[in-house]
Amino acid sequence: MHVPILKVGPVLVAAVQDELTDSGWRELRDRLVERAGRDRARGVVIDVSSMDVMDSYATRIVDAIARILRYRGADTVVVGVQPSVAFAMAQLGLRLPSAGTALDVDEGLVELQRRKHPAAGQHDS
Amino acid sequence: MESKSIATPQLDADTRAAIREYWGFYEPHAAAIAAEILPACERIPDFVPVLRAKTPEQMAEQNKRSLALQRAAIVDDQWGPYLTDLRAQGMQYANMGINFASWFEIITAYRECAARRLVSVAREDMQRATTISKGMNRLLDVAMAEIGDAYVAAKEEIIHRQQEAIRELSTPVLRVSDRLLVIPVVGVVDTHRARQLTETLLRAVRDNRARGVVMDITGVPIVDSKVANHLAQACEAARLMGATVVLTGISAAIAETLVTIGAELRGVPTLGSLQDGIEALERRARAEGAAGHGAANGTAANGASTNGTSNGASSSLEV
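If you're matching them up, the sequences are chains B and X in order. Per my numbering, the very first residue in the first sequence carries number 246; after that it's consecutive. Per my numbering, the very first residue in the second sequence carries number -2; after that it's consecutive.
Simulated from the structure, these hints should not be mistaken for laboratory data. One should not assume that every hint holds.
To be verified - Sample of chain B residues with no beta-carbon within 12 Å of chain X, all distances over it, derived:
1. H247
2. W270
3. R285
4. T304
Said to hold, decoys possible - Calculated Cβ distances over 10 Å to all of chain B for the following chain X residues:
5. G94
6. T195
7. P218
8. E261
Said to hold, decoys possible - Ranges between beta-carbon positions, derived for each pair:
9. Q262(B) <-> A85(X): 53 to 63 Å
10. G254(B) <-> D221(X): 35 to 45 Å
11. L166(X) <-> L337(B): 46 to 56 Å
12. D351(B) <-> E196(X): 23 to 33 Å
13. R271(B) <-> P169(X): 41 to 51 Å
14. V256(X) <-> P342(B): 18 to 28 Å
15. T188(X) <-> S294(B): 43 to 53 Å
Glycine included, C-beta positions come from ideal geometry on N, C-alpha and C.
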């Protein structure tokens, strides 16, 4: 399955459709990393709102994407995790330590903008 | 409401014969015995409302019906309707809140009445009196077992309903300001409740597009490692949806317990009071509103926790 990657200004948006196979995830990873470099993206939003299941492999690879993109200067925000999916993930102890999370694409863009200015709030309380 | 199928009681031929023998003895005296135990029933406070609710005609009608059911069971071996009737009685008494012990008082009164009449039989034929006594005891046991079973089932049903009601009532979701929710948790959090709590939380986050949620556990009496784990999971799940959950209202005693038993609220930001929680999240929301202009404040990730890439939610809320 081919996941469309849209360019919105300095941000790439990948809307994952339905269930993605393990190889589909790997393909998405490779394409995202390649596109991020080519388009000089500052952030990536991965929309998983149409997914009913996020298993350990999917979670791991999304977090890996976030770590890889971090090295290439882009932040990653996962958006649209459904309540049932979030619940199952929490129960299985699956986390996304390297990726940000937001409710939907809109929020994801705001979150990315926020992350672009980390220094402003780093040691400021 | 209950799935237990009603079956013919397991009685051997001897017992059946004994119960029939008893029936032959009892039926002619039925009306007299009923009249005799009525005063005993009236002395039991629990039963007064039951008796008051019926006219003497209705009472006679009920006795007649009950006799017919018993006859069908004992003479024609048709136990179904009789046992169904007993179960209905048991359930009725449970729903009326009648003490189960009261029932035994009536049975005692009944036994005494029957025993007095049995004495005259015993004078002529000891063997028959013994058989009748055996039949009577066995029948009463069957009847009481059936009533007791239905009584307990009905009570359990009531308890179950009330538990549901308490659960429903005890997890309200309050909207404090734009996209900020408060969930006060009251009562014991067990596995079932924790699950329901998490579902409520996640639904609320989605429906209100919440950015921040303060979960206040002032009303939770006990927090052990299991509960702590449940709460941490709920917060983690909400975080995956992009909301920040702050836990407040951990009393000194509970905090002490958590430390003593070594339970951890991993990755969950905690603050002292509900007020602190609301203020922290509002401050954060304001800072985020300004983030677009490069003036983010108080929302930065806690660099030490996850190599500088952690999202702002991980225990990094400045008070």
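Evaluation of the provided hints:
Listed as outside the interface, H247(B) is consistent with that label: its C-beta sits roughly 26 Å from the nearest C-beta of chain X, beyond the 12 Å cut-off. The Cβ of W270(B) sits about 17 Å from the closest Cβ of chain X, beyond the 12 Å cut-off, so the non-interface label holds. At roughly 19 Å from the closest C-beta of chain X, the C-beta of R285(B) stays outside 12 Å, upholding its exclusion from the interface. With a cut of 12 Å on Cβ distances, T304(B) falls inside the contact zone with chain X, its closest approach being about 9 Å.
Listed as outside the interface, G94(X) is consistent with that label: its C-beta sits roughly 39 Å from the nearest C-beta of chain B, beyond the 10 Å cut-off. The beta carbon of T195(X) is not kept farther than 10 Å from every beta carbon of chain B, the shortest such distance being approximately 6 Å. Consistency note on P218(X): stated as away from chain B, and its beta-carbon is indeed over 10 Å from all of that chain's, at 24 Å minimum. Here E261(X) stays apart from chain B, with its beta-carbon at least about 13 Å from theirs, past the 10 Å limit.
Range check, Q262(B) to A85(X): about 56 Å between beta-carbon atoms, so the 53 to 63 Å window is met. Here the CB-CB span from G254(B) to D221(X) is close to 49 Å, at odds with the stated 35 to 45 Å. The hint said 46 to 56 Å for the Cβ distance between L166(X) and L337(B), and at roughly 30 Å that hint is violated. In this structure the hint that D351(B) and E196(X) lie 23 to 33 Å apart at CB holds, the actual value being about 24 Å.
Take R271(B) and P169(X): their Cβ atoms lie about 45 Å apart, and the range 41 to 51 Å holds. Between V256(X) and P342(B) the Cβ separation comes to about 25 Å, which falls inside the hinted range of 18 to 28 Å. Taking the beta carbon of each, T188(X) and S294(B) are about 29 Å apart, not inside 43 to 53 Å as hinted.
Hint violations for this structure: numbers 4, 6, 10, 11 and 15, all remaining hints satisfied.
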